Amino acid sequence: MKYLLLLTFLFLNSYAEPITVIPPKISVNSEKSDLGKQLFFDTILSRDNTVSCASCHDLNSGGDDNLKFSFGIDGQEGDINSPTVYNSVYNFRQFWNGSAKDLAEQAKGPIENPIEMGNTFENLIKTLNQTPYKNKFKNIYADGITKENIVDAIAEFEKTLTTPNSPFDKYLSGDKNAITQKQKDGYDIFKSKGCIACHHGVNIGGNLYNKFGVMKDTQSKRTGRHEVTKNEADKYYFKVPSLRNIAKTSPYLHDGRFDTLDDTVKFMVHYQLGRIITQDEVDKVVAFLNSLTGETPENIKK
Amino acid sequence: MINMKKIDSITLVLVFLVFFILTLFTYLLKTSANIDEQITYHDHLVDMQLINKSFDNFLLKKSTFINYDDINLKITNFDKKIDFIDAPDAHGLFKKNYSNIVSDIKNSFEEKQIFIEKFKSNSASLLNSIHYVFELNKLIQEDTSQTYETRDVVTKQTLLLMKYYINSYTNKKQIKDNLKFLKQRLKSDKNNLELELFISHTSRNVKRIENSHTIQNILYTQGSLEDNLNQLHMFFEENYNENMFVEKVITTIFFITALIILFILLIMYKRSLVIKNELYGFKYAVQNSDNSIVMTDADKNITYVNDAFLEHTGYTREEVIGENPRILKSGEIPQSVYNDLNKKLKNGKKWDGEFINVRKDKSLYYEKASIMPIYVDNKVKNYLAIKLNITDYIKQKDELQFLALHDSLTKLPNRVSIESSIDKKIKIAQRNKSKITILFIDLDRFKTINDTLGHDVGDELLIQTAKRITKVIKRV
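Protein chains in written order, with the numbering used here: chain A, 1 to 302; chain B, 1001 to 1476.
FYI, nobody ran anything at the bench for these hints, they're computed from the structure. Everything numeric in this text was worked out from a predicted model, so none of it was measured. Check each hint, because a few of them may be wrong.
What the hints assert, rightly or not - Some chain B residues flagged as far from chain A (calculated, every beta-carbon gap over 12 Å):
1. Asn-1067
2. Lys-1118
3. Ser-1125
4. Leu-1197
5. Arg-1204
6. Arg-1208
7. Ser-1272
8. Asn-1291
9. Gly-1322
Claimed, not checked - Each computed PhoX-like pair below joins lysine-lysine, with the alpha-carbon atoms no more than 25 Å apart:
10. B:Lys-1074 x A:Lys-101
11. A:Lys-108 x A:Lys-221
12. B:Lys-1467 x A:Lys-216
13. B:Lys-1118 x A:Lys-211
Cβ atoms here follow ideal geometry from the backbone N, Cα and C, with glycine treated the same way.
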């Protein structure tokens, strides 16, 4: 019986809350982040001057485009759901399959992806050097416009894209009335059903890989980590996404297969946790998830 | 002559010493900065070793919920520290390149990260699932529709799983048998959702526990990241010791050389002291000599005169310093003498001769002079004149000559003088075939005057007689 006792306290025993409050601000180099912001919104990054970062990461609608798959140049459709750029600085790796170590490395991806911006850095640097960007880079970077400097500026801007002060963060910080009783119940269920095992930490996710389809096959076309490592054992392992601002980032999952949180929660409980959940419990969890929407940063608000 | 070369060599040694000390100082400063910098690399490495320990601790954890943000932060830190240690200028700081060790570290860190990621996924699912197995067990126990046997096997299976989970000895065959039995049960009772979930969770958990044990075993047996870190640690340590040794040797060499130089300087100083004392002696002699001593520069402007000079000429020192010695020229000496003087000096020879010079008060005086050029490094640096005032001597000489040829009492030419004079006159008369006359005057009874009136009166008589005769005859 002592094992039983031990296990009962497994989750309850954790001395600190498994979810931590998002810091109000990250210190950034404002010159770089201003330049990065301009690049982020500029379609000059794409080969035919039609697509910017903001095309797929709309900062006024949750940091993604609310499409199942995004469209790149020439109207090409991708095959993976755009994740939100908000709070991505707190993800331990970037991209669903974790192929980028950090934001700067991530920013290199879409620019050269043929179905996203379809550009090359060689070409992009040439183009940028014929614009006022030339001087702007020179003012900040000694070596002017280079691949590393372009993504460094964008990454610096993306660091500012955090969404603190969500009702749930306020609740964690001590304001017991910041969320409703239903949401509190939802948080308890979130913990006791085991969601918390993967969705925890400052980003409520985004700090480990796990298999998509722990209990059952999920019929996924993309294979996640396996695309990077080519290791059979890594098949269907994806980066666990952050749940911050989840209410604003439908559709859900890497292939955008669900439009509602209700469906997604049920799917996750069934496929990932192998548990049973009642509709009432689902409602409460969804209510809890709605408390995770934070404030849009000052420099983005319209 | 003054040995100028000695002073030059002292300057040389001093300059060398200063240069030497500066070099020593910069070298030591640089090496100590180097060593400080190397220590920061060492510190980073020690941090990495500690982080690696916490990786190992992490991989041994399993029964508690873990917030993975911590371990991710550690991985990021470790990664940054590798970049720090692997920076190109870091390799330059050390004597040998250690990129092969760093690349080993990178590889084993990659490997370890794979384990950590696997462990994270595995552990998250396992923890969650094990927890649910207990819930299911409870549900099944409370469900009266389950047979007694099923409930019994489920309980046993739950406890076995737990034992296996905490790594105590477990009969794995028993777990398999139980699973087989429960699956059999499920076949006959297809709508038993709780049992179905129990089976699917336990069978997956067995695999997950196996996975986590495998990772832990690999960790125990391999530990290659730790080995590689230790290797680099040893490298740093060896490098440090080597550096310290080299530094010690070089410092000692520097120290000894500096001592030797100091010793040489000391000897030179002692020697120069002796010379200095000698020079003081000379200076004293020069200053207090009765000879006039004059020193000029190469352009013959006076740079030094001694007291005797001032006394003999009547000038003050301020009046003559910077002047040309020609201010003393009286014009009594023919120009040819001066020409000879200049010619000799020009040829680097000493000149000896006599001058008739003029004082400040325009009176004349006689000097016997020696003038010589002073050569330093084959170049005329100064001229030195040593002059003896012979005015008194010349006067005395004239007087003696007079006394030899005249009577001391009457001042008339004496016998020697008259003889040579008569001789000369006779010779002239013979040559001219002329005649000469000699007037011989005797004073009669002169003896009586001496005897009666005394010798003083006799002398007075002679003086008066000489005066009177001299007055009336034509001077010869």
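These are the hints, each one checked on the structure:
no., hint, in the structure
1, Asn-1067, "violated (5 Å)"
2, Lys-1118, "violated (8 Å)"
3, Ser-1125, "violated (5 Å)"
4, Leu-1197, "violated (6 Å)"
5, Arg-1204, "violated (7 Å)"
6, Arg-1208, "violated (10 Å)"
7, Ser-1272, "holds (58 Å)"
8, Asn-1291, "holds (79 Å)"
9, Gly-1322, "holds (64 Å)"
10, B:Lys-1074 x A:Lys-101, "holds (14 Å)"
11, A:Lys-108 x A:Lys-221, "holds (24 Å)"
12, B:Lys-1467 x A:Lys-216, "violated (170 Å)"
13, B:Lys-1118 x A:Lys-211, "holds (10 Å)"
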